[in-house]
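*Asks:* What follows is the residue order along each chain.
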Amino acid sequence: MLTVTHFTVLSAILFSLGALAVLIRRNPLIMFMGIELMLNAVNLAFVAFSRFMENMDGQVFVFIVLTVAAAEVAVGLALVVAIFRARDNVDMDEIDLLKG
Amino acid sequence: MSGDYFPLFVMLVVSVAFAAIGVGVSALLGPRRPTAIKGQTYESGMPSIGTARRRVWVRYYLVAVVFILFDIEIIFFYPWAVVFRQAPIFLLVEMLAFVTILLVGYIYVWRKGGFDWY
Amino acid sequence: MSQFLWLIPALPLLGATINLLIGRRLPRAVSCWLAVAAMAAAFGAAVGAFLELLALPSDAQVIHQTLYQWVTVGKFSVDVGFWLDPLSAIMILVVTLVGTLIHIYAVGYMEHETDYARFFTQMNLFAFMMLMLVLADNYLLMFLGWEGVGLCSYLLIGFYYNRDNTAVGTDEKFLSPRSSGTKAFVVTRIGDFGFTLGIILMFWTFGSLSFGEVFHGAETMFQIGAPIITIMTLLMFLGATGKSAQLPLFVWLPDAMAGPTPVSALIHAATMVTAGVYMIGRSHVLYELAPATMAVVAVVGVLTAFIAATIALTQRDLKRVLAYSTVSQLGYMMLAMGIGAFSAGIFHLMTHAFFKALLFLSAGAVMHAMNDMVDMRRLGGLRKILPITFWTFLIGALALAGFPLFSGFFSKDEILSSAFTSGNVALWVVGVVTALLTAFYIFRAVSLTFGGKPRWKVGEVVTVQGAVASELDAHAAKGLHPHEAKWVMTLPLILLALGALFAGFLGMPAVLGENRLARFLEPVFQHETPHVSAELEWLLIGISAAAALVGIFIALRFYRGDAKTPARLAAYYPSLYKLLLNKYWIDQIYDALIARPGRWLANAFWLELDGKIINGIADGLGNAFRGFGNSLRSLQTGYMRGYALAMLIGVVVVIALLVMR
Amino acid sequence: MLLTLPEINLYPLLPALIPAVTAMLVMLADVLLPGKNKSWLALLALVGLAAASYFTVMLFGANLSAFNASIVADNFALGIALVILGAGAATILLSLDYLRARQLDLGEYLALLLGAVSGMILMALANDLIVIFLGLELFSLPLYVLSAFWRTNDRSLEAGMKYFLLGSFSSAFFLYGIALLYGATDATNLTKISAAASEPTVASNPMFLMGAALLIVGFGFKVGLAPFQWWIPDVYEGAPTPITAFMSVATKAAAFAAFFRAFMVAFPSAVVDWQFVLALLAVVSMTVGNVAALTQTNLKRMLAYSSIANAGYILIALVVGGQAGLSAALFYLAAYTVMNLGAFGGLVAMGQGDQERLTLDELAGAAQTKPWAAAAMAISLLSLAGFPPFAGFVAKFFVFGAAVNAGYVWLAVIGVLNSLVSVYYYLHPIVKMYMNPPAEGWAQAPARAPIFLAVAVIVAVLLTIAMGLFPGGMLNFAQAAMVK
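Protein chains in written order, with our numbering: chain A, 1 to 100; chain B, 1 to 118; chain C, 1 to 661; chain D, 1 to 484.
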């Protein structure tokens, strides 16, 4: 029988994987996918809690989060494109004009 | 609980099997005489040019982004539709407000030339 | 009048504001005399307030005026309010009177300066801040003035910011004005840290910062020797050691001489540096509850007086002799505070303001005549050429030396006899020896500067070391043609000389007359002068006078005409002479104790430091912090993924801290 | 499924709603109305902000709440809203000539700025974690874009990209925290969370504590607390200067408002011992910010580190908590807003054309070439350094005083020590401007600052002085503000 713990653990694992992607990848698109994975891990947690507590709020939150994620995608892609146009390269390890 | 989903499961199996059998049988029985032209990507009858792995015009990205933004708003229509009958006037006004905001964005993208197809 | 107490600080503020906003566009004379007028008007207002105070009965001699409530924290609030009692009355009179005279002098002294508006803005601003400090009715407002005078001092020391070196005609190496300003700022900041902590502790203890409530609370809540009061007073004294240039924080004051001479006279002799003394006098209720602190104050004071006097013995730069002398005299005032002779300390503060301002301004007149050269080895023979300056300097020197009947004699004698009668014979002995040294070094300066034959030639061009002659301004290029200054400079000298001559009669010892000053201050300090027999008093006066006379005599014999005797002495006791000449290597000790570890720390972080090694605590601390800062900078790599990782570590730490607790 | 109709009362939401509507109007007017010169859009935006301010003031004292208490318009929130509206208006004034000199699009800029203002005010008004998250995203997304708004400038782009990636990274943590708290308490409303947390089983639930910790992370990122401060120096340096000014003050105000409300309402100190953790973060932030600022030569970067340090000071007020902490924080935020806007405004005024004077060497002698901008900057920097009698001094006194009153003497002492250290780097530019000969290549003839810019800077400086000399009125107001 699946309990809320299973979902919590799964969502934690997914969240960590997403965070890991941000840390180890250099391409902002992939890092961004990692962030999306983190958000969706949270969505999973929301849905699971909502289901087990029989409280519909959590599911509504998922919609909100999805919308926010979509808006983030729009902004993120725009930034990636702008950077690519400016320097033909989007490797985050080479974007280090600002430091110190 | 799992009983509720049993018909769904049956349907899934049947549909997968149907597709697999169709493709599999035609692959087994059909004659195969490949030529260079036959091996080309199908482009609605047009001759294909260049490789598929090339850069795409950046305007496509804009279309994609606009699509995502407007597409994602659809998810709010589902819960709205589910409860619509319970308070039609109220919910209609709500949705009108929502759509109006979207419309502002639409007009903005349109006037800024986001849809221009040149 | 009592409603118009605020006018006293407001007038200089008005002057500063006008000069700040439109001073550059005003004609020079308007700008300068406006500043003088602001000071003079403030002096007038101060006299008015003083007369009104005198009219009050002596048991209620306080004018308290609250302008408005400034800040409020919970049930406690701080007002912008002024507190005029005999103590602050004396201070405002001194500040405005001496300030006015120095402003007048500065009109002449700065006549070749193009940036006069900036100078007078800052001078007036300083006067405003100083008056706020003195008139405040609570510690927070006093702190405002305290910080403000520090800022003005910093700005004015660095007034000649575009010069790397202001020491004309000498081979000695001094800090540039900019570095001197920074050094002053940094070193006093250490003291300010203590002062701030003291105020916090006070706030925590009494829930108030107004003088009335704090003193009342201290008297009713605490026994003598209460630890919290001792800590509080010690922290506040740390602030005083910074501001009033006491051991071990006095190192900034000699370098502060890089500023224009009127600044040295006003800020670094007559007024700002006495703020620490004033603060302790103002807080005497607290200090009397902390005998341990009082002992520290007295010992630090007398040691400062002695050490600074010995350093002054060998300085070659006239202004630096006076600077060390200021440190030394401030030490006397601290000694007075430490032994509970508060009114004696304030008395000396007052007389010192006159005679030290006089000495500085006279030295400034010498510089003015000698194209800014102050190395005494190249002066000499100026007695005939600068007669007024000579006589005023001489009067100042006699007062400083404690020559009988001059002002410094009475005030210094009162401190010394208080030390003796309060049973601190050791302090008294050191004080008397210091008095002898004082007389010696100041008459050494008199002899070398004015006596003997000129060690310079008419028409000789003196420059800052390494300067190219073609870069000199027209005046300096003409070479030395010393002559007496104009009346705007000599008049203040004469008036200050009168002050140095006669101010002492306000506080004569009982055997000679009456100590009016102590009686005037009685409502503040409630201090009863211990009754001593006339014989003892005569004896003490005699010893003081003898010390002064002996010192003067030796100096005149040593430096009569030529400088051979000290050279002979230096040959006999080379190590002692060298020790004194190098100011006990105090700067070097700072370097070893603080600067080196700072650099080591920086190197430990694999950092490049800019290789400039400057002496002193300032740079030591600065380097340590800068090293720390650089190591933090090196963490800010610009790589976003590194930031993400660091954030993730932060997340883990915060979770751990919160969940584990 | 049964639908319960929510009570719709938009009145308390007006402070956030009006800027949002104005943003849409600006967008429409920008694209629909003809004409090349769009400067009047700024007027439209300012009118919108003024209207929002009017309703904000009208709402004072009413303590309204709406949307099932997920929006609470109490005096604290409204005070913060006023600060944000003022910062928004000042930013518009600072930006006009900056944008024109760089040929950047005004309409888009204004719409994004107004959107950010709306989100910030929503965050300040929110009493529900999801609404807080919505507000946070609503202002973060426009700010990501605005940071990269000068898109022909590599640094601006880099700032936007870094801000975006790190910002969404931290938002994910924040959201995860919300999910965990939701799972632990079955609620996202702060008041309900507080009620649920009074049960020991909930309060000791690691999920609950972890949720609280992740909220600290999210808020800490936005306000710039160490160790979540990494983005601040890079983004502040790269972003267009008016946007840096706006971010430094308005983001801080909004995020701190929600931070305060979340921790003072949802997690009573008896239940979760967060004071110690926050005190630790405050100490680290103050120290890191001040020490790292010491060696900076670029003023924008220096002010970025200073903003980290200031976040630390304000956090002390949260640790103190209660009425005293709240009013201290509100005053501090208001003071920080005016003095930081003054400093950044002076910095904008220093520029010529699309060239900026940002490093200490470039600023040398500015007192001669740009006397008014230099004076404004000098006063603002002195105030930031905590010199009496400017706003910054009173603000610091207020925060440290509250800490001492509450028994956090050690925290106040560390704060004082830090602010003494900070004096060096604040004074350094002043020394450079006033005590150095002018840098080469800068016009000797003082070019007059554009009128809008001048108005914004003068108002900021006058407020800096007024709040220092007469903090009484502001203070009474701050004390009247409290969370219900």
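Calculated from the structure, these hints are not laboratory results. The beta-carbon is built from N, C-alpha and C at its ideal position, and this holds for glycine as well. Where hints are given, some of them may not hold.
Unchecked claim - Label-pair ranges, simulated between beta-carbon atoms: (1) A:Leu66 x D:Glu440: 52 to 58 angstroms; (2) D:Leu43 x A:Asp88: 38 to 44 angstroms; (3) D:Glu199 x B:Ala19: 40 to 46 angstroms; (4) B:Thr100 x A:Leu29: 32 to 38 angstroms.
Said to hold, decoys possible - In silico lysine to aspartate or glutamate, EDC-like type, Cα no more than 20 angstroms apart, as pairs: (5) D:Lys36 x D:Asp97; (6) B:Lys112 x D:Asp105; (7) D:Lys38 x D:Glu108; (8) D:Lys192 x D:Asp361; (9) C:Lys384 x C:Glu460; (10) C:Lys478 x C:Glu113; (11) C:Lys457 x C:Glu484; (12) D:Lys192 x A:Asp91; (13) C:Lys457 x C:Glu288; (14) C:Lys384 x C:Asp372; (15) A:Lys99 x D:Asp154; (16) D:Lys192 x D:Asp97; (17) C:Lys486 x C:Asp317; (18) C:Lys453 x C:Glu484; (19) B:Lys112 x D:Glu108; (20) C:Lys457 x C:Asp372; (21) A:Lys99 x D:Glu108; (22) D:Lys192 x A:Asp88; (23) C:Lys478 x C:Glu460; (24) A:Lys99 x D:Asp273; (25) C:Lys478 x C:Asp372.
To be verified - Stretch-level coverage of chain A by chain D, calculated; a stretch enters the list once three of its residues show a Cβ under 8 angstroms from a Cβ in chain D: (26) 14-22; (27) 26-40; (28) 59-73; (29) 76-83.
*Asks:* Against each hint, give a clear statement of whether it holds in the structure.
*Replies:* Okay, the hints, checked on the actual structure:
1. Between A:Leu66 and D:Glu440 the beta carbons are some 56 angstroms apart, a value that agrees with the proposed interval 52 to 58 angstroms.
2. Checked against the hint of 38 to 44 angstroms, the C-beta distance between D:Leu43 and A:Asp88 comes to roughly 41 angstroms, which is consistent with it.
3. About 54 angstroms separates the C-beta atoms of D:Glu199 and B:Ala19, a value inconsistent with the hinted range of 40 to 46 angstroms.
4. The hinted window of 32 to 38 angstroms between B:Thr100 and A:Leu29 holds, with their beta carbons roughly 33 angstroms apart.
5. At roughly 16 angstroms between alpha-carbon atoms, D:Lys36 and D:Asp97 fall within 20 angstroms of each other, so this suggested pair holds.
6. Distance hint between B:Lys112 and D:Asp105 is fulfilled; the C-alpha atoms sit about 12 angstroms from each other, no more than 20 angstroms.
7. The suggested pairing of D:Lys38 with D:Glu108 holds, with an alpha-carbon distance near 11 angstroms, which does not exceed 20 angstroms.
8. For a cut-off of 20 angstroms, the pair hint linking D:Lys192 to D:Asp361 is broken: about 55 angstroms separates their Cα positions.
9. Taking the CA atoms of C:Lys384 and C:Glu460, the gap is about 19 angstroms. The hint holds against a cut of 20 angstroms.
10. With a C-alpha separation of about 18 angstroms, the suggested pair C:Lys478 and C:Glu113 falls inside the 20 angstroms cut-off, and the hint holds.
11. With a C-alpha separation of about 17 angstroms, the suggested pairing of C:Lys457 with C:Glu484 holds against the 20 angstroms cut-off.
12. Simply put, D:Lys192 and A:Asp91 have alpha-carbon atoms about 45 angstroms apart, too far for the 20 angstroms limit, and the pair is violated.
13. Taken as a hint, the C:Lys457 and C:Glu288 pair is broken in the structure, with Cα atoms around 57 angstroms apart against an allowance of 20 angstroms.
14. Only pairs whose Cα atoms come within 20 angstroms are accepted, and C:Lys384 paired with C:Asp372 is accepted, the gap being roughly 19 angstroms.
15. Taken as a hint, the A:Lys99 and D:Asp154 pair is honoured in the structure, with Cα atoms around 14 angstroms apart against an allowance of 20 angstroms.
16. Restraint check for D:Lys192 and D:Asp97: not satisfied, since their Cα atoms lie roughly 48 angstroms apart, outside the 20 angstroms limit.
17. Of the pairs offered as hints, the one joining C:Lys486 and C:Asp317 is violated, with about 24 angstroms between alpha carbons and a cut-off of 20 angstroms exceeded.
18. For a cut-off of 20 angstroms, the pair hint linking C:Lys453 to C:Glu484 stands: about 18 angstroms separates their Cα positions.
19. Of the pairs offered as hints, the one joining B:Lys112 and D:Glu108 holds, with about 10 angstroms between alpha carbons and a cut-off of 20 angstroms not exceeded.
20. For the proposed pair C:Lys457 and C:Asp372, the alpha carbon gap of about 15 angstroms is at most 20 angstroms, so the pair holds.
21. The straight-line distance between the Cα atoms of A:Lys99 and D:Glu108 is roughly 29 angstroms, outside the 20 angstroms bound, and the hint therefore fails.
22. The hinted pair formed by D:Lys192 and A:Asp88 fails the criterion: a straight-line CA distance of about 51 angstroms is larger than 20 angstroms.
23. In summary, the hint linking C:Lys478 to C:Glu460 is supported, as the alpha carbons are separated by about 8 angstroms, within the 20 angstroms threshold.
24. Taken as a hint, the A:Lys99 and D:Asp273 pair is broken in the structure, with Cα atoms around 36 angstroms apart against an allowance of 20 angstroms.
25. For a cut-off of 20 angstroms, the pair hint linking C:Lys478 to C:Asp372 stands: about 13 angstroms separates their Cα positions.
26. Only residues whose C-beta sits within less than 8 angstroms of a C-beta in chain D count toward coverage, and the region 14-22 of chain A has 4 of them, enough to reach three; the restraint holds.
27. Coverage of the region 26-40 of chain A by chain D holds [criterion: at least 3 residues with CB-CB distance below 8 angstroms; count 6].
28. As drawn, the region 59-73 of chain A meets chain D at 6 residues by the rule of a beta-carbon pair under 8 angstroms; at three or more, the given contact holds.
29. A stretch counts as covered by a chain when three or more of its residues have a beta carbon under 8 angstroms from one of that chain; for the region 76-83 of chain A and chain D the count is 6, and the coverage holds.
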